[in-house]
Structures are given as structure tokens and as C-alpha cells.
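Asks: Please construct the entire structure, taking both the sequences and the accompanying hints into account.
In the order they appear, the protein sequences are chains A and S.
When you line the first sequence up against the working numbering, it's residues 925 to 1411, in that order.
When you line the second sequence up against the working numbering, it's residues 11 to 234, in that order.
No lab work stands behind these hints: they were computed from the structure.
A couple of the hints might just be wrong.
[Claimed, not checked] Heads up, incomplete: computed chain A residues facing chain S, CB under 8 Å, no partners named:
#1 H1182
#2 I1188
#3 E1196
[Unchecked claim] Just the calculated beta-carbon pair ranges, DEER-fashion:
#4 S:A120 x A:D1201: 15 to 23 Å
#5 S:R222 x A:R1221: 37 to 45 Å
#6 S:V136 x A:D1201: 21 to 29 Å
#7 S:V136 x A:A1337: 52 to 60 Å
#8 S:T221 x A:D1201: 16 to 24 Å
#9 S:V136 x A:R1203: 27 to 35 Å
#10 S:R222 x A:D1201: 31 to 39 Å
#11 A:R1203 x S:A154: 24 to 32 Å
#12 S:I94 x A:P1277: 52 to 60 Å
#13 S:V136 x A:A1233: 37 to 45 Å
Every residue gets a Cβ at the ideal spot worked out from N, C-alpha and C, and that includes glycine.
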Amino acid sequence: MKSIRAFLLRRLLGGAALVLLGAGIAVSVIVTRSLEAEFDRNLADRAQAFASILFQAGDQIEFEFSEQLMPEFVRAERPSYFELWIEGGPAFERSESLGEGDLAFPDGIGGEPRHWTAPLPDGREGRYLGQVLEIHHVYPEEGPERPTPARIRVVVARGREDLVAAQRTLLQQCAGACLVLIVLIAVLSWTAVDRGLAPARRLAAAVDALDVQHLPESLELGELPSELRPLADKTDALVRRVDAALQRERRTTADIAHELRTPISEILIASEVALRDERDFGSARRALATVRGIAWRMGRSVSTLLQLARLEMGAERFERGPVDLGPIVREALRTFAALGRERSVRVSNLVAPGSVVAGDAEVLRIVVSNLVSNALAHSPPGTAVECRVERPRGRWRLVVQNDASDLVPEDLASLSEPFWRKERSRSDRNRSGLGLALSSALAAQTGLDLEFELEEGTFRAILAGPDEAGPAAREADLADLSSRSLP
Amino acid sequence: MRVLIVEDSDTLRDALRTGLSREGFAVDVAADGKLGLSLARSNPYDVLVLDLMLPRLDGLGVLAGLREKKDRPHVLVLTARDRIGDRVEGLNAGADDYLVKPFAFEEFLARVRALVRRRYEERSSVVGVGELELDVVARRASLAGTRLDLTAREYSLLEYLVLRRGHTVQREEIEDHIYGVTKLPSSNAVDSAVCILRSKLGPDGKDLIRTRRGQGYVLEGPER
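Replies: Here you go:
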């Protein structure tokens, strides 16, 4: 459908034309039949009129025809015709218009009138009536002398041209009325469709007028018809999503700029201070080491950002297969064991070997590593980090849980944003603030869900996916649920 | 002159401390806002170099905490936030100057020195008392046109006495402004430093820096 307006107009006009055509045909058939019936009734009346002017006295039959009362039978132009026969006998009366000619009286006609259409003697199309009449006026009227009333065959014929003209006029008027109605319907339909589409144009104008730099919280569209409301609501939701994405983008850009400013300042100041004292080689070496460390840190951040960008563009390819979470979690905990010891954070690993899930092994290694290091880095000293696998109804969930009394529920939505930190200062130089953003992107790209929960000061990072490993893996999980602390 | 640097970046904090120390400033450092505020409240700093985004207590919180302090230091805010609104917010909160990261050490140093001069109400970078002339930007001192050969600590002592000229300066005050909290001077360090400085100022040194018995020292001379 290229145009709603054209579609609606086509359908409305097509439908209206069909209805009008049907109605016109029905009306013309009904009216034509009425006219024909009326025409036939008129012929029958004329035949009955003949009966009233037939007289019988003994064997004598009189037909008292009056030219004044029935001038159509004597006129020169477009005359009507009749002919009378005594049943079983010859014709005894005919109209002047018939001259010496005869009309045909078909076989099988009795007391009931019969109509038929046939050419008139002058060649016009005519309508005929044939009937056998019994003479009413019989003399003497009573007594044994009264003769048996004679039966008279009557044929009356009349030209159909008036009927045909009336029918044609009727058809023309019907067609004209239909045309006028179609034009009227077209105009009304156009106006109605135009008005009906006005809210859609308003919606389009409102979307067109949007300034991407300053997207509103909601579109000001006023009253909308119920059919357009879902579209407006979806557009509104889309605008909000676009706005959120743009704000996230701007925030990320600002954060990247901010993240770069501090290390650049560090490089600048460290190198400038070292350069101010040309004799102090030790200071210069320390400055160089500092600059190298910062450059490595910046390089790691840039690599992660590039990886994030590639993930968002869908440029990375992943493999999906059975992966045992047990060794991956153990390896992550071993890698960050020093961090846990340094911060006096205990570890409880409930992930048994053989906890097989479906996913990309490398992705799972990165995500688990980020979740574990994050939990160890942010748990208050003296608390514990717990890792476990759950398999609720056709899914698997890896839960990494830690205490997080400083988090509030509103923080959860920001955890996956690049460079988001609870404390906006950059005091922890070893953490780029990109780990959870990268993990979320990796999880999303490999069909996994990474969600965060906060319940009474307990934070849970939950990596989940469809359980394709079957009951064997579930049994393996249950087989080894002993709590193990890292060495 | 004594400076407190409150900055959470270890690298930046250490580099700024090293750079300022080499320029003769007594430098204390703090890695978070709470410690910074505590140090600023309890010590007479001339300049406070303050990062805005700090752990535990942000820079604006530190500024708010210093609002009631008598003789509060002049504050140079360091931040990566460069929007006008951020600058206005910082200046309204009590900052005296604003430096956006990344910055050059030279500019940072010039701004710290400018704040020191503002604190002692000096408009010019060259201050003269009698025959003595001090270029606080070049950190050079000369007497009757002859350049004095001073160590950084001696120059700092002379600079402080010149900036406070006409006022009696107590030994503790000199200690507070010339030494940082981590470098506690020995009991007679100030006296011996003044003694050495006088000797380097020549025969007029004793007249230029006078001892007020039981009170401290005063540098006096005709204004130029």
C-alpha cells in the first residue's frame, strides 16, 4: 500500500459504486416491472371496457364502440389495435387502425388474460392482450328466452414505445443519480480521509520538528484518535530511547575525555617536573616509569573501548559450545586472590567442576573474571564474596554475590555504563571502569543476560542463559556444593 | 610558602609535590577530601591546591568546610571539568582560581605564586625593601644590585619575611610556612636559618632582619 489516502478512497468509492450499481439495477428492475404490470393492467382494463360495450340479443351481437372514448384505436399516428371474434366463429369487429388486417389470437387462451410482446401491424414493438370474454349484457335478461351468453375472443394491442421511453428515462435518471452520489461520496470520502489523516500528519510534523540535541521528555500531540495512540506511544517511547542512548553516548564521550584528561595531566606534570632538574637522573627515570605505566593503562582502556565499539557494531564473531564454569570461576578467583587478601575479603566458591553451560568459553572467561574482580574490589573488608551456579526452570545462572552497602537501587541501571563509578573520583587507578560495560556487551552479543540485583545491602551480578546442558550438569552442580576458600 | 595539595591521583600528587618542593614551597599532600579538609583546618597554608573529584569528600565539600576558617588559604582548584557552569560553581564555592586538566606545570606554578602574592597583597612580582630586591617569580634576591646566593629554604625564609615586612613574625609562624608537616624542624632550625640569612645579607643583614626578643623576627626597611 503506497498511500493510505488512495487506498481508502479506492475502497470507499469502489464499494459505494458497487452498492449504488446494485441498488440502481434493483430499482430499475422493480420499477420496470411495475411499469410493465401497469401497462398490462391498462390493456386488461381496455379489454374489460370492451366487455361493457358488448350486447347480445338472441343471436345478434352488438359492439357499441365510441371513438370519443377510445380515440387511440382510430388515430393515424401510433394507434392501438383490437379485434373481436365470436368463439369458434369469424372476426366481427376490428379497430379502424387495423384496416382490413387481422391480429392473431394464439391458441390456449381462456377467460384469464394473457399478455405477450410482438410487432404491431405497423411494425412497432407492441404489447398484446388476449382473453375470452362472456357477454354481460344479454337480452332478454331473464326467462326461458334468454340466450346463452356468447363468448368473445378479444385481442388488444398497444405500442410499447411509451413504456420503453419511460424505462429509458428511469434508467438514465438512476444512472445520473448514481453518478451524482458517487461524486458526492468521493468529495465526502476525501474530506473524511483528509481529516482522519490529520492526526497522522500532526504526528509526522511533531517528529519532524524534533531537535536531536534537545529531545523532549514526551511528544506534545494533544488529543489523538485511539487508532493512532499506540503509534504515538511507540514513537514517544522510541524518542525516549533515542534520547537515553544519545545522553549515554554524550556521557560516555565526556567520560572518555575526562578519563583521558587525568592521565594526560599526570604525564605532562610528571615529565615537566622531571625535565626541570636536568641533573636529577633518578627523578627522570622515575618519571619515565610513571609515564610508561600511565601509557599502558591508557592503552588498556583504549583497547577495551575499541572492543566495546566492535561489539556494539556486531563485528565480533563468537563460538557457542558446552563450557565448564567450574575451572573458569576457579581461575578467576585464583587470579584475584591477592586482591581479596589485600582487602581482607573471603571467598566462597560453590561452583562445582562439571557445571557445564552453553556459551563462548573466552567470553565467559572475560565476564567471570570481571565479575569476580569487581566483587573483590568493592566488598567491604571482612565480608565475603560468593560464587554459585543455579539452574531454575530451563536456565542456568551464575551468581557472584558480595556486600555493597554503599550501592542504592538507582545505581544498578548505571553499572553497565562505561566509566561509571559509585564515587566519581578516579582514586582507584587500577580499575578502568569499563569491566562491567564490556561484560554486559559481551553477554548481550552471545545471547546471555547479565543482570544486577541489590537486596538489603547484598549485591548480586547474575550471568544467565538457556540451560542446554541437561540434567547431567544439574547433578554435577548438586554433587559438589561444599564451600571452598581460596588458598 | 606552604601549600597543601589535595589530589587523588598518586602520580599527579607526587609530581606536583616534587615540583613545588624544588621551587622552595613547603608542601603537604592529601589523597582524599576528608584528610585534606582536616589538614587545611589545622595548618596555616598559604595556598590550597584542590582537585574537585575526590574520594570520601569532594572538593566542593572541602571548600564548604573551610568557609568558616579564619585566615583560610587561597584555593586553586584543579579539575577535569571545564564547563563554564563547573567553573562558576567552583568559584562561587570559594575557589580563588581554576585550572583545567591537563595543564602545564609552568602555568600551575605561576598561578600558585600569584595566589601567594594575592595573599600578601603584593601586586608586583618584584618586591623591594631598601637595598634588598626580591623577584618572587624568578625566585632571585639581590642586595644593592648584587645577586644573593641563597638555598631554596633560605630564599623561602627571606621571601616570607619580605612579604610580611613590617610585621613581627613568630618562629612558629615561620615553621608553619616554611616547613611541611612531614618535615618538622629542629627546635633552633629557624634561628639558625635566620642567622645564616643575615650573614648572607652582609653587614646590613642584622639591621634588615631584627630580632624582637620573645616575639620573633621583623624585616624592616624603606619601601621602594
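Asks: Indicate, hint by hint, whether the structure satisfies it.
Replies: Going through the hints against the structure:
1. With its C-beta approaching chain S no nearer than about 5 Å, H1182 of chain A sits inside the 8 Å limit, and its interface hint holds.
2. Checking I1188 of chain A against chain S by beta carbon gives a least distance of about 4 Å; that is within 8 Å, so the hint holds.
3. Hint status for E1196 of chain A relative to chain S: holds, with the closest Cβ pair at about 4 Å, below 8 Å.
4. The hint said 15 to 23 Å for the Cβ distance between A120 of chain S and D1201 of chain A, and at roughly 18 Å that hint holds.
5. Take R222 of chain S and R1221 of chain A: their Cβ atoms lie about 54 Å apart, and the range 37 to 45 Å is violated.
6. Checked against the hint of 21 to 29 Å, the pair V136 of chain S and D1201 of chain A passes, with Cβ atoms roughly 25 Å apart.
7. At roughly 58 Å, the beta carbons of V136 of chain S and A1337 of chain A sit within the given window of 52 to 60 Å.
8. Take T221 of chain S and D1201 of chain A: their Cβ atoms lie about 35 Å apart, and the range 16 to 24 Å is violated.
9. Evaluation of the 27 to 35 Å hint for V136 of chain S and R1203 of chain A yields a pass: the beta carbon distance comes to about 28 Å.
10. Hint check: R222 of chain S to D1201 of chain A, Cβ distance near 38 Å, so the stated range 31 to 39 Å holds.
11. At about 31 Å, the beta-carbon gap between R1203 of chain A and A154 of chain S stays in the expected band of 24 to 32 Å.
12. Between I94 of chain S and P1277 of chain A the CB atoms are about 58 Å apart, so this pair conforms to the stated range of 52 to 60 Å.
13. The hint said 37 to 45 Å for the Cβ distance between V136 of chain S and A1233 of chain A, and at roughly 55 Å that hint is violated.
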